[in-house]
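*Asks:* In order, the protein sequence lines correspond to chains A and B.
Quick note on this note's numbering: the first sequence kicks off at 1 and runs consecutively.
Quick note on this note's numbering: the second sequence kicks off at 86 and runs consecutively.
Be aware that one or more of the hints could be misleading.
[Claimed, not checked] Sample of chain A residues with no beta-carbon within 10 Å of chain B, all distances over it, derived:
id, residue
1, M46
2, S68
3, V72
4, A75
5, K77
6, E80
7, V81
8, G83
[Claimed, not checked] In silico EDC-like pairs for lysine to aspartate or glutamate, Cα to Cα no more than 16 Å straight-line:
id, chain 1, residue 1, chain 2, residue 2
9, B, K308, B, D200
10, B, K170, B, E327
11, A, K77, A, E31
12, A, K54, B, D256
13, A, K54, B, E233
14, B, K201, B, D216
Source of the hints: derived by calculation from the structure; they are not laboratory data.
Backbone N, C-alpha and C define an ideal beta-carbon position, used for all residues, glycine too.
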Amino acid sequence: MRIFNRYLLLLVLTSCLINIILAFTGQTDIEVCFTILVIAFLIITMLFVYFNPKTRQALSLVSIVFLSGFMVIVALKIIEVMGQK
Amino acid sequence: MTNKPYQMFGMSLAIAGAIFAPTAYFLINSIPLTAVALSSVMIGGTSIALAASRPQISPEAAQMILETGMENTAALLEELGLSGKAVYLPSAMRIGNAQALIPLNGDIDVLRIKDKIPRRLIVRWGENPEDMAIAVTAPGGTGLNRLEIKPGPTSSEIEHAVTYVLIGLLDLADSVGVRLENNMVTVEVTGPKLQYENIWYYRCLGSPIASIVASIACDGIGKPVRITEENYRQHKSTILLEVLG
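Put together the whole structure using the sequences plus the hints.
*Replies:* In structure tokens form, the structure reads like this:
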């Protein structure tokens with residue numbers, strides 16, 4: 001199996017597993033779901049260290065986009081906590 | 086186009102996910118379904134990014150170019166009746182790309198190579214008039230240029246470099262293991278996409294995978310190497326390299 005297919009397959013399987021677990025545990029916070037999915041994506045991408053430089057660059061851009069979403073969630077939570085005080 | 090399937094797959098997932106996410110969140114009011122839509126957008130985006138990084142040339146075109154190059158070299162070797170095993174030279178012993186030396190007669194005594202081998206087809210490697218060889222750029226030679234860091238002499242450094250080229254850059258194998266014992270290097274390549282064939286070219290220069298491994302190993306060790314054996318069994322290719330000098 002090609003390395004790109006292996007990577008995508010691992011991403012799909014992990015996402016499915018995370019979504020199933022979150023559904024069974026009754027998770028109702030979309031931010032938690034998104035955060036866990038982003039962390040899983042970053043870990044899997046880090047595991048594929050042997051990608052060529054062009055692919056690594058493209059995946060870095062995607063990671064930055066997802067990480068930005070994650071940072072926005074963190075920032076909103078901080079603002080929420082600060083507001084409560 | 087080779088990146089079309091990834092692009093189509095990515096676009097489909099991303100668009101479907103982007104439409105379904107607000108529907109699931111605002112209309113159906115289901116968090117698990119929204120999470121599924123979000124992961125669909127994420128995988129779609131990743132697939133589009135992968136498509137953008139794929140080379141424009143198709144595997145069939147690459148194979149055709151490789152076969153043409155091999156046919157030309159094989160024709161030259163057969164015409165000259167050269168059947169000796171090629172010696173792969175490290176960068177310290179040559180000028181330009183990684184080369185493999187095929188002796189015109191007898192064997193190459195690497196200890197007698199004093200100067201750097203020039204970038205020519207017919208080269209003199211020793212002082213005697215009969216010390217002549219054909220210098221060809223093996224498939225591994227160009228792969229070596231793509232390495233970001235030059236490999237070191239240990240088995241783990243060579244393994245890392247071979248894995249990077251064979252799996253990450255060229256996607257020619259599933260995994261690689263390197264063992265260094267005395268003057269022998271044993272390389273086990275699992276799931277090789279190109280296999281050994283008993284043809285003139287492969288008998289002289291080795292299979293393209295063995296050639297890549299030999300080019301990287303000789304540069305890492307800093308000594309010339311020769312492919313002594315290649316076995317293919319149960320989706321695993323075992324390559325034996327002899328370190329010369």
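*Asks:* Taking the earlier hints as the rules, which of them does this structure contradict?
*Replies:* Per hint list: zero violations.
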